[in-house]
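> Each protein sequence line maps, in turn, to chains Z and P.
Numbered according to my numbering, the first sequence spans residues 1 to 232.
Numbered according to my numbering, the second sequence spans residues 1 to 386.
FYI, nobody ran anything at the bench for these hints, they're computed from the structure.
Hints may contain errors.
[As the list claims (entries may be wrong)] Subject to a maximum C-alpha distance of 30 angstroms in a straight line, what follows is the list of computed DSBU-like cross-link-like pairs (lysine-lysine):
| no. | chain 1 | residue 1 | chain 2 | residue 2 |
| --- | --- | --- | --- | --- |
| 1 | Z | K19 | P | K59 |
| 2 | Z | K142 | P | K9 |
| 3 | Z | K122 | P | K59 |
| 4 | P | K9 | P | K178 |
| 5 | P | K244 | Z | K142 |
| 6 | Z | K222 | P | K378 |
For clarity, every value in this text was computed on a predicted model and none was experimentally measured.
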Amino acid sequence: MTTESPMVRLTGVSKRFTKGKETISIFDHLDLAIPGGDFIAVMGPSGSGKTTLLNLLGGIDRADGGEIAVADRRIDGLSEGELATWRAANIGFIFQFYNLMPMLTAAQNVELPLLLTRLRSKERASRVQTALSVVGLADRVKHRPREMSGGQQQRVAIARAIVSDPNLLLCDEPTGDLDRHSADEILSILQLLNGELGKTIVMVTHDPAAANYAKRILHLDKGRFVERELAA
Amino acid sequence: MNDFDLVRKNLFRRKLRAVLMIVSILIAFMIFGVLAGFYRAFTAGEDRAAADRMITVNKINFTQPLPIAYYNRVRAVEGVRQVTFANWFGGYYQDPKNFLMSLAVEPTTYFDVYRSEFDVPPDQLQAFIRDRGSALIGESLARKWGWKIGDRVPVASNIFSQKSGGHTWDLTIAGIVKGKADHIDTNFLLFQYAYFDETRSFGKDTIGWMILQTTSPENNDRVAKTIDAMFANSTAETSTDTEKAFGKAFAAQFGNIALIVLLVVGAAFVTILMIVGNTMALSIRERTREIGVLKTLGFSGPRILGLVLGESILLALLGGLPGLAIAALIAMALRASLANVAPAFALSPVIALEGVALMIALGLITGIIPAVNAMRLKIATALGRG
């Protein structure tokens with residue numbers, strides 16, 4: 001236990017979806033606290049609310065009730081514009097299918113979040129170079145996504161997620177589309193970001209091997225954390 | 001990289017599609033530029049018509065003559081500052097294909113009425129007035145044929161003949177007339193009515209039309225009514241109107257040019273609007289996931305709106321500007337051969353500005369629906385995570 005306020009705090013969060021006349025409750029008064037510097041793997045069956053949890057933490061979906069705070073800032077009351085600004089500064093997203101812009105080079109893809117800052121071109125280039133070096137792709141700056149393997153594309157996506165130095169990385173099945181070797185590389189990079197750079201990471205995964213790279217594993221089922229265990 | 005680079009790269013991500021859209025927009029703006037140039041050329045007379053100048057013609061039709069006796073009677077009308085007259089000559093040089101815009105005019109008053117448009121050196125004007133067999137030519141015409149003062153030019157008519165049976169009048173160039181502004185056409189030849197009237201085989205003592213200048217535009221209505229009433233129930237009733245109205249009626253004999261331009265340009269633009277609008281919508285729909293990613297990274301809705309609109313406006317400009325440039329080249333190439341029909345045919349700066357405004361409007365119209373949809377797009381939906 002730590003006396004510091006957690007990096008992520010969910011208090012009594014509820015979330016429902018309506019499909020036709022039917023309303024499905026995903027979360028009902030869900031509570032969660034994730035301390036800064038933690039690396040959590042969230043596992044659970046399809047439909048258990050894993051992705052919805054990431055959406056709520058990243059401010060790309062809204063809860064129907066309860067409070068969500070990240071780094072002591074309540075985000076559940078922010079407007080769309082405020083959320084966009086907040087996301088740009090505080091959150092790094094890593095998706096299963098990389099989601100890189102196909103017409104941009106690796107460097108340009110990584111630079112995208114920096115277009116939202118007031119940084120000058122030279123400083124942006126320097127940060128992009130650093131981020132690509134962290135993921136081991138300093139020599140691939142001018143390659144386009146189609147010229148890279150899946151693992152390399154995901155590393156570019158990680159560089160894009162960390163280039164603006166966010167506190168919280170949200171990863172949705174980051175190795176779901178990769179072979180074991182590439183997956184291990186990606187997970188090692190995430191471990192490095194957590195261990196060396198102190199990034200707080202919440203990773204949704206179906207893969208137990210991937211989950212073992214985390215410090216903690218949370219099992220989510222029917223909108224509730226049913227089991228908590230330390231990673232091996 | 002900046003937002004413009006992002007817009008540019010998005011636009012050209014499918015090069016063939018982008019090029020085809022650009023070419024179709026280019027053709028639409030080329031048509032616009034050429035037709036607008038024609039329209040302006042035909043209505044140029046209206047634009048530069050002086051407010052205090054009026055034209056009196058035969059009420060039946062402006063091609064029908066008026067008795068020259070009307071001239072002195074109109075001079076005496078209260079509110080008339082100056083009157084002059086002219087007669088269409090239907091001239092050509094050497095070959096009927098070499099049409100000359102030529103008029104037989106009253107030499108002492110003609111340039112008084114048109115003093116705000118034309119500049120004639122006083123000594124050349126005096127030489128013209130003194131020599132009944134002389135002519136004044138506009139500097140465009142002088143340039144076209146390489147004529148200079150003192151040259152003797154045979155000018156033939158496809159309407160009139162001389163009493164001697166010939167169709168050609170030999171005229172000595174007494175002076176060269178300059179326009180006081182660039183847009184004023186100087187592709188004409190003027191010679192003395194007295195000489196023309198004395199030598200022609202028919203139509204003696206008649207004139208084509210009178211040009212009068214009133215003491216003030218406020219008097220125009222009263223002067224027109226007085227003149228037309230004066231000749232009512234005569235063998236040659238008159239119709240007096242402002243120069244602007246006359247110019248409009250003159251242009252109308254070629255058909256409703258404005259309507260033709262509007263219909264052709266309108267048809268081209270509606271087609272382009274549908275093609276580009278549909279393609280833009282398709283293009284943005286294909287990028288739904290990427291828009292979701294941009295929003296996830298922190299791009300705000302209005303910024304996404306700006307990126308999409310920027311793309312559609314850039315597309316319109318990339319097609320439209322070369323289209324206008326080609327229209328300008330066409331106008332330059334055709335100007336000499338159309339000098340007699342539409343001497344002011346050109347892609348003027350006003351048309352260019354209207355074209356740019358039209359490009360921006362086209363960009364906004366074709367881009368606004370996909371842009372608003374992109375702005376409103378929910379991230380979870382875009383990423384297929386809802």
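> Evaluate each hint against the coordinates.
Hints versus structure:
1. K19/Z x K59/P: With Cα atoms ~79 angstroms apart, K19/Z and K59/P exceed 30 angstroms; violated.
2. K142/Z x K9/P: holds, 15 angstroms
3. K122/Z x K59/P: Roughly 77 angstroms separates the two Cα atoms, so the pair is violated.
4. K9/P x K178/P: violated, 52 angstroms
5. K244/P x K142/Z: violated, 64 angstroms
6. K222/Z x K378/P: Distance of about 24 angstroms is within 30 angstroms: holds.
Hint check: violations occur at hints 1, 3, 4, 5; the rest are consistent with the structure.
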